[in-house]
Structures are given as structure tokens and as C-alpha cells.
Amino acid sequence: NAGVTQTPKFRVLKTGQSMTLLCAQDMNHEYMYWYRQDPGMGLRLIHYSVGEGTTAKGEVPDGYNVSRLKKQNFLLGLESAAPSQTSVYFCASRPTGIYGYTFGSGTRLTVV
Amino acid sequence: DAKTTQPTSMDCAEGRAANLPCNHSTISGNEYVYWYRQIHSQGPQYIIHGLKNNETNEMASLIITEDRKSSTLILPHATLRDTAVYYCIVREHLISNDYKLSFGAGTTVTVRA
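Those sequence lines, one after another, are chains A and B. Quick note, the first sequence lines up with residues 15 to 126 if you use this note's numbering. Quick note, the second sequence lines up with residues 1333 to 1445 if you use this note's numbering.
Hints are supplied without guarantee of correctness; some may be wrong.
Unchecked claim - Partial list, derived from the structure: chain A residues whose beta carbon lies under 10 Å from chain B:
#  : residue
1  : 18
2  : 20
3  : 38
4  : 41
5  : 54
6  : 55
7  : 67
8  : 73
9  : 78
10 : 105
11 : 113
12 : 115
13 : 116
Unchecked claim - Quick partial rundown of chain A residues pointing at chain B, CB under 10 Å, derived from the structure:
#  : residue
14 : 28
15 : 56
16 : 57
17 : 108
18 : 125
19 : 126
For the record, the hints were derived by calculation from the structure and aren't laboratory data. The structure presented is a predicted model; accordingly, all values stated were derived computationally and were not measured. By construction, the Cβ of each residue, glycine as well, lies at the ideal position given by its N, Cα and C atoms.
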């Protein structure tokens, strides 16, 4: 049971480039989330999904898009990367009911 | 969501119990208390949650006061691997059965040998 797997773990982008971060969970969880964490700060919610085929905006959605075509995968896209998007990105999932989140190990993204 | 207040940092001796306080004086009747921790450079890890009663699992115990305005997370025998930032979060479970956690600054716990 791998839990929540994020790929890639590290990436350096040039300003204006695009990329997709993949989050995969093998726990059959309904809910999935993308957070970003900047140095010395807490986590901020970017987008989330309450089930396959659904997505919703979080606190800081600008500059990002998401898709949940399959229940086990939640993709985060950056269409035109900006230095302000340099951050550590965490994916999380949870089942229905009153349970805690399971987080991935993070993707460290640097935009130069 | 109710606001939580935690000390910025605390030290603990290895092998001793670590007691982490959290104040949530504006908590409402249907809000749960959750604890997570984040070890340096890793993703946050769920520890425990509770509503009214004290809870215990393999990682920790959660003590919630009778008026629910504060709680304490207890790590019974702290080890060096418990050094982390600990987050106390209060959250309501919405009718839609979805919730979004807001992580604040947390308490930086340093376990010393």
C-alpha cells in the first residue's frame, strides 16, 4: 500500500514554461487536495476534488488548473509558470467520513 | 472555523511525555479537534482527532477539556524522531461531508537527548 504518491519530487522550470504535477492514491479515497507551502508558512489550499470528475477552487487557485479524470489521480497544472509559484506542493487525500488526511511527500518546484 | 492558539515552540526531553497545549475558546459544538505534525521537509502526518471525549491511538493521546475550549496532545514517550511542527486544527464537518483544513503556524517541538 503506497498511500499518496507525488511525481516528480523535484523540478526546475523557466518562467513561462508549463508542467503537470501528478498525485496518485491507492486507497480508494473520494477526496483529494492540492496545497502549497512557502518557506516558514503554513499550507494553503489551491484546489480540491470531492470525487471523480469534480474539482473546486481553494484559497489560492490563480495560475493553476486541476483535473480528476480518474478517482485515483489528481493532476495540478501550471500553464505559464511564474517565480511566485516557487514552492513545495503537497497532495492529500481522505475517505468519506470523519478521518484525517493522508499526505504525499511533496514536489519541490523552483521557477527561475 | 474556530481559531486556535498554540505556543510557538517547546522543548522536551527524550523519553519523557510531551504535552502540547492548544486553545480553541470559540469552538462550536459540532467542530472537531485535529492534530497533525510535519517533520522537516516531509508531508504533514495525521496524528489524532476528537470531538468531546479523550482519544488515544498508537501515536498519541488527545485530552479535551469538558468545556471544549482547550485540548492537549500527549506524546507519551517522546523520541528524537518526534521533533516536528505540530498543528492543532479545529474544523466542522459540513453537511456535504467535505472539509478543508487550514494549517496555521503550529508549535515547533524539539526533543533533546
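Quick rundown of the hints versus the structure:
1. 18: holds (8 Å)
2. 20: Interface hint status for residue 20 (chain A): holds (8 Å vs cutoff 10 Å).
3. 38: violated (14 Å)
4. 41: Status violated, d = 13 Å.
5. 54: Hint on residue 54 (chain A): holds, closest Cβ of chain B at ~9 Å, below 10 Å.
6. 55: The hint holds - residue 55 (chain A) has a Cβ within 10 Å of chain B, the shortest such distance being about 8 Å.
7. 67: With a minimum Cβ separation of about 15 Å from chain B (threshold 10 Å), the hint on residue 67 (chain A) is violated.
8. 73: Result: holds, 8 Å to nearest chain B Cβ.
9. 78: violated (16 Å)
10. 105: Result: holds, 8 Å to nearest chain B Cβ.
11. 113: Result: holds, 8 Å to nearest chain B Cβ.
12. 115: At 6 Å from the nearest chain B Cβ, residue 115 (chain A) passes the 10 Å test, so the hint holds.
13. 116: Interface hint status for residue 116 (chain A): holds (7 Å vs cutoff 10 Å).
14. 28: At 24 Å from the nearest chain B Cβ, residue 28 (chain A) fails the 10 Å test, so the hint is violated.
15. 56: Since the shortest Cβ distance to chain B is 4 Å, the answer is holds.
16. 57: With a closest approach of 4 Å, the residue 57 (chain A) hint holds.
17. 108: holds (9 Å)
18. 125: Result: violated, 19 Å to nearest chain B Cβ.
19. 126: Violated, because the Cβ-Cβ distance from residue 126 (chain A) to chain B comes to roughly 21 Å (cut-off 10 Å).
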